[in-house]
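S.K.: Below are the chains, spelled out letter by letter.
4 protein chains.
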Amino acid sequence: MEVGKDVKHLQVGDRVALEPGKTCGHCEFCKEGKYNLCPDVVFFATPPVDGVFQEYVAHEAALCFKLPDNVSTLEGALIEPLAVGFHAAIQGDAHLGQKAVVMGAGCIGLVSMMALKARGVSEVYVVDVMDKRLDKAMELGATGVINGMKEDVAAKVRELTDGKGTDLVIETAGSEITSRQAIEIAKNGSTIVFVGYSKSGEVTLPMSVALNKELTFKTVFRYRNIYPMAIQAVADGKVNLKGIVTKEYPLDQADIAMDESIKNKADIVKAVIRIHD
Amino acid sequence: MEVGKDVKHLQVGDRVALEPGKTCGHCEFCKEGKYNLCPDVVFFATPPVDGVFQEYVAHEAALCFKLPDNVSTLEGALIEPLAVGFHAAIQGDAHLGQKAVVMGAGCIGLVSMMALKARGVSEVYVVDVMDKRLDKAMELGATGVINGMKEDVAAKVRELTDGKGTDLVIETAGSEITSRQAIEIAKNGSTIVFVGYSKSGEVTLPMSVALNKELTFKTVFRYRNIYPMAIQAVADGKVNLKGIVTKEYPLDQADIAMDESIKNKADIVKAVIRIHD
Amino acid sequence: MEVGKDVKHLQVGDRVALEPGKTCGHCEFCKEGKYNLCPDVVFFATPPVDGVFQEYVAHEAALCFKLPDNVSTLEGALIEPLAVGFHAAIQGDAHLGQKAVVMGAGCIGLVSMMALKARGVSEVYVVDVMDKRLDKAMELGATGVINGMKEDVAAKVRELTDGKGTDLVIETAGSEITSRQAIEIAKNGSTIVFVGYSKSGEVTLPMSVALNKELTFKTVFRYRNIYPMAIQAVADGKVNLKGIVTKEYPLDQADIAMDESIKNKADIVKAVIRIHD
Amino acid sequence: MEVGKDVKHLQVGDRVALEPGKTCGHCEFCKEGKYNLCPDVVFFATPPVDGVFQEYVAHEAALCFKLPDNVSTLEGALIEPLAVGFHAAIQGDAHLGQKAVVMGAGCIGLVSMMALKARGVSEVYVVDVMDKRLDKAMELGATGVINGMKEDVAAKVRELTDGKGTDLVIETAGSEITSRQAIEIAKNGSTIVFVGYSKSGEVTLPMSVALNKELTFKTVFRYRNIYPMAIQAVADGKVNLKGIVTKEYPLDQADIAMDESIKNKADIVKAVIRIHD
Numbered sequence: 012m013e014v015g016k017d018v019k020h021l022q023v024g025d026r027v028a029l030e031p032g033k034t035c036g037h038c039e040f041c042k043e044g045k046y047n048l049c050p051d052v053v054f055f056a057t058p059p060v061d062g063v064f065q066e067y068v069a070h071e072a073a074l075c076f077k078l079p080d081n082v083s084t085l086e087g088a089l090i091e092p093l094a095v096g097f098h099a100a101i102q103g104d105a106h107l108g109q110k111a112v113v114m115g116a117g118c119i120g121l122v123s124m125m126a127l128k129a130r131g132v133s134e135v136y137v138v139d140v141m142d143k144r145l146d147k148a149m150e151l152g153a154t155g156v157i158n159g160m161k162e163d164v165a166a167k168v169r170e171l172t173d174g175k176g177t178d179l180v181i182e183t184a185g186s187e188i189t190s191r192q193a194i195e196i197a198k199n200g201s202t203i204v205f206v207g208y209s210k211s212g213e214v215t216l217p218m219s220v221a222l223n224k225e226l227t228f229k230t231v232f233r234y235r236n237i238y239p240m241a242i243q244a245v246a247d248g249k250v251n252l253k254g255i256v257t258k259e260y261p262l263d264q265a266d267i268a269m270d271e272s273i274k275n276k277a278d279i280v281k282a283v284i285r286i287h288d
Numbered sequence: 012m013e014v015g016k017d018v019k020h021l022q023v024g025d026r027v028a029l030e031p032g033k034t035c036g037h038c039e040f041c042k043e044g045k046y047n048l049c050p051d052v053v054f055f056a057t058p059p060v061d062g063v064f065q066e067y068v069a070h071e072a073a074l075c076f077k078l079p080d081n082v083s084t085l086e087g088a089l090i091e092p093l094a095v096g097f098h099a100a101i102q103g104d105a106h107l108g109q110k111a112v113v114m115g116a117g118c119i120g121l122v123s124m125m126a127l128k129a130r131g132v133s134e135v136y137v138v139d140v141m142d143k144r145l146d147k148a149m150e151l152g153a154t155g156v157i158n159g160m161k162e163d164v165a166a167k168v169r170e171l172t173d174g175k176g177t178d179l180v181i182e183t184a185g186s187e188i189t190s191r192q193a194i195e196i197a198k199n200g201s202t203i204v205f206v207g208y209s210k211s212g213e214v215t216l217p218m219s220v221a222l223n224k225e226l227t228f229k230t231v232f233r234y235r236n237i238y239p240m241a242i243q244a245v246a247d248g249k250v251n252l253k254g255i256v257t258k259e260y261p262l263d264q265a266d267i268a269m270d271e272s273i274k275n276k277a278d279i280v281k282a283v284i285r286i287h288d
Numbered sequence: 012m013e014v015g016k017d018v019k020h021l022q023v024g025d026r027v028a029l030e031p032g033k034t035c036g037h038c039e040f041c042k043e044g045k046y047n048l049c050p051d052v053v054f055f056a057t058p059p060v061d062g063v064f065q066e067y068v069a070h071e072a073a074l075c076f077k078l079p080d081n082v083s084t085l086e087g088a089l090i091e092p093l094a095v096g097f098h099a100a101i102q103g104d105a106h107l108g109q110k111a112v113v114m115g116a117g118c119i120g121l122v123s124m125m126a127l128k129a130r131g132v133s134e135v136y137v138v139d140v141m142d143k144r145l146d147k148a149m150e151l152g153a154t155g156v157i158n159g160m161k162e163d164v165a166a167k168v169r170e171l172t173d174g175k176g177t178d179l180v181i182e183t184a185g186s187e188i189t190s191r192q193a194i195e196i197a198k199n200g201s202t203i204v205f206v207g208y209s210k211s212g213e214v215t216l217p218m219s220v221a222l223n224k225e226l227t228f229k230t231v232f233r234y235r236n237i238y239p240m241a242i243q244a245v246a247d248g249k250v251n252l253k254g255i256v257t258k259e260y261p262l263d264q265a266d267i268a269m270d271e272s273i274k275n276k277a278d279i280v281k282a283v284i285r286i287h288d
Numbered sequence: 012m013e014v015g016k017d018v019k020h021l022q023v024g025d026r027v028a029l030e031p032g033k034t035c036g037h038c039e040f041c042k043e044g045k046y047n048l049c050p051d052v053v054f055f056a057t058p059p060v061d062g063v064f065q066e067y068v069a070h071e072a073a074l075c076f077k078l079p080d081n082v083s084t085l086e087g088a089l090i091e092p093l094a095v096g097f098h099a100a101i102q103g104d105a106h107l108g109q110k111a112v113v114m115g116a117g118c119i120g121l122v123s124m125m126a127l128k129a130r131g132v133s134e135v136y137v138v139d140v141m142d143k144r145l146d147k148a149m150e151l152g153a154t155g156v157i158n159g160m161k162e163d164v165a166a167k168v169r170e171l172t173d174g175k176g177t178d179l180v181i182e183t184a185g186s187e188i189t190s191r192q193a194i195e196i197a198k199n200g201s202t203i204v205f206v207g208y209s210k211s212g213e214v215t216l217p218m219s220v221a222l223n224k225e226l227t228f229k230t231v232f233r234y235r236n237i238y239p240m241a242i243q244a245v246a247d248g249k250v251n252l253k254g255i256v257t258k259e260y261p262l263d264q265a266d267i268a269m270d271e272s273i274k275n276k277a278d279i280v281k282a283v284i285r286i287h288d
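Protein chains in written order, with the working numbering: chain H, 12 to 288; chain W, 12 to 288; chain V, 12 to 288; chain Y, 12 to 288.
If you are wondering where the hints come from, they were derived from the structure by calculation, not from laboratory data.
There is no bait here: all hints are sound.
Any copy, or any two copies together, can satisfy a pair, since identical chains are not distinguished.
Taking lysine to aspartate or glutamate pairs in the DMTMM-like style, the calculated list, with each CA pair at most 20 Å apart, reads:
| no. | residue 1 | residue 2 |
| --- | --- | --- |
| 1 | Lys77 | Asp247 |
| 2 | Lys33 | Glu43 |
| 3 | Lys175 | Glu39 |
| 4 | Lys175 | Asp163 |
| 5 | Lys167 | Asp142 |
Let the sequences and hints guide you as you build the complete structure.
M.R.: Structural data, given as structure tokens:
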């Protein structure tokens, strides 16, 4: 292991979180600070670029963020999904005084919920159809949860918001049902942040309702300028990042980890690969 | 005719444009300046409130905006739709340096195009399927037009934008085809403003494309805080408002005006009712 | 005591916090949601309008905000200054990940510090010259404090921010010294919110430094649209509002309360008048 | 002359405008799109870096912006100051419907005025003390001018704005008098953009007035992400850039050009060095 000769902020042996995308630095998106939209980005695990299930990798120093002593490498490995949650929260301008709903209690839903809480959002409710995931959401700090299979989501949200609707919805489930519920529960003039991809890529939406409420839809593609803040939030105890991990695998079982994560969504919220003990 | 005793800014005989919605003034939407979202608004021609095809009407003074001498009552009658166009332009933060596309060359499409131009947008292209409407768009100042029946809209926009896509789309046609085209032609990180209502109220959208481009969708419900600026823009010659009128009817033919406007969309872009000669 | 016949959200006996300013509701500032700038506002305790050191007062229902059971009337009386702190925090777009400094540890400085913390700001340092006030700041949750009489404020802030400077300064002391320090410690591109009035009304500032750093100065005049959120923040325990009160007086000693508060700034951070026991 | 092998957007012989600052590309300011605040910038004519009064220079391709055929090299040489004007206009969110005042009719004042007009600002008044400069402002499209030596600026602006004050002030003169006038003429809730540096670097301001009006002060340090838009605005005839040039000098008289520009401010608004005929 070594660091480049011009690198000032890192030393050999430092533990870091990697931001996976190397961007061109001079296109209009890079120059305007929206580098996540750079068309020439080279991003780990996005074809044709391989991922990094490996012990060593060379990476641009500016994309390596040192972890403080009280942030573990397990947490460091989860800064990437947390960054998606924070980017969603920022796109939605999440702030104190709001009542928000997160659709979906998978990894991205949970980190979004924690990002909202860390930014001061007053009440954050999580909607899913699996009780185990909803229990996890409560354990990690959700104000309340709604099982969409058992309760009428819109009616429940109306009750929780004195009939006014939500100030902010983060849609991470990627389903048409939750996307439509998001529009139904949103307060006039509020914002929905779409994060989850649907399987077909297509969603049928009641756009007339969105127009009548003058809603704003924001979307999320990865993240930008988030890592230092996200790492700090974990170090400060504002986000219980290790809490989302339900299973660990050694590196030589990475394929098993992938399989089980896909097949057993109800039990495995988030699995991590552990390289060293 | 008379004015209330506390009214300072109007005199009997003044010609005014009416903003049609009386709002409550103390709900959260009114207090935050988004009075167009007031749930208790009383709005002319929105059931159960009648419209004002009549010679006299009593209306709140703060909603009556005096027309300067060089703005005609015909133009005054069109400030309302123009306000929708300006609200769309403002929702999309339209500004100098952008290349924009307006979907639809009906009344709202045309006023949106003129609102964009008045705010300094560098290039504004208009898409429709009727040549007469597109001719009208060119006459009123569009940078160029595209007939969606004859040309491949996405290919043409790609060509006009050096392959980059548009900085802003204003969707006024309300069709699924144009809504999908809007997403297809939008540049990474850009904004689409949805103004037009579809017939069914439902639209199927390629949300995955929107996510990959990290698009923002804004919507428009009426308008707010626009009238003084819109009237001034007409007075300054920045918007050729009377140019959108293709037919005038006397008050006693209001029903005919309605019928013909609906049946003959290709020829009648915008009709007005003339009360006095 | 009674409530108006059209009032739905209050009943006789409800405990409320009063927002003191009645605004006109139809000027451009009111209609744009910046009602605190309404030129025709009638505001308690702003000449020629008397204050309300009295047991009963009639007030517009929309300006009476019901207190939840777990918020005391003492806290209710302090929602007004807290609203200034929240307005300052919002004007400065205070958010998670920032390092901020509050100049001044008087009532407004302390509520500003707590407002920043409640909005998620990661580190908030408070500067003052009186140790008792700084102790109070620590007690109420400041990340750290700096006594400007004993330490070099700029050097200390440089140390606390790895030489980068602050992301946000809230200036509540109203002195030229602290205003100049604010500019000195601010990071490139950051924002200073000016809240405190200087005695002369005039301040000499190194504007060239502000230009070189491309700083933004925001200012605060009262507040707008804050009460419900501020009350909720107190109810949720996010702001320790009662902690700023160092002394209570009965109503018939209001004049003494005023005198002592002015003469004895080091000991009395904030005094309140108690009407009923 | 040659272009680097990876450069796609330029060919030998292209005429370009140079953006003078090479930035690091990976500090927080660069990554957030505020590259003008990069602490490691290398900027022509900013000590210790020389300027480019010379025939040839090697420069980063991404900082070389091709001029369209209808934009002359004389105009190309003036894109740099125009970029300051546009950055000021953008910092102030200049837009249609506003009444604005520009303090100072020097080069930066004039390009700011033209930038405001190009962004659609309805009325732009220019204040200076030299009639020749004010004549130039009128010639270039100002709505009106005020000679601060002959007229009461505040009284005149009050008259021009129906007593309301300005929506936007761009302060380019750098004097205390005009800075104070800016605050005096600004409407409640409006923005002043400070561009001009004062000689001493210090300015005494009536901050209490700024607080009472809840003004925002923005400042300008160079510019960012402006060149393509500025070049397009010149190409489209929205900015009469060559109109600000009052004198041309050959390259071997650069020193004379500098001397005369400083000594004869009333006559020379902007001089340019012509390298080739």
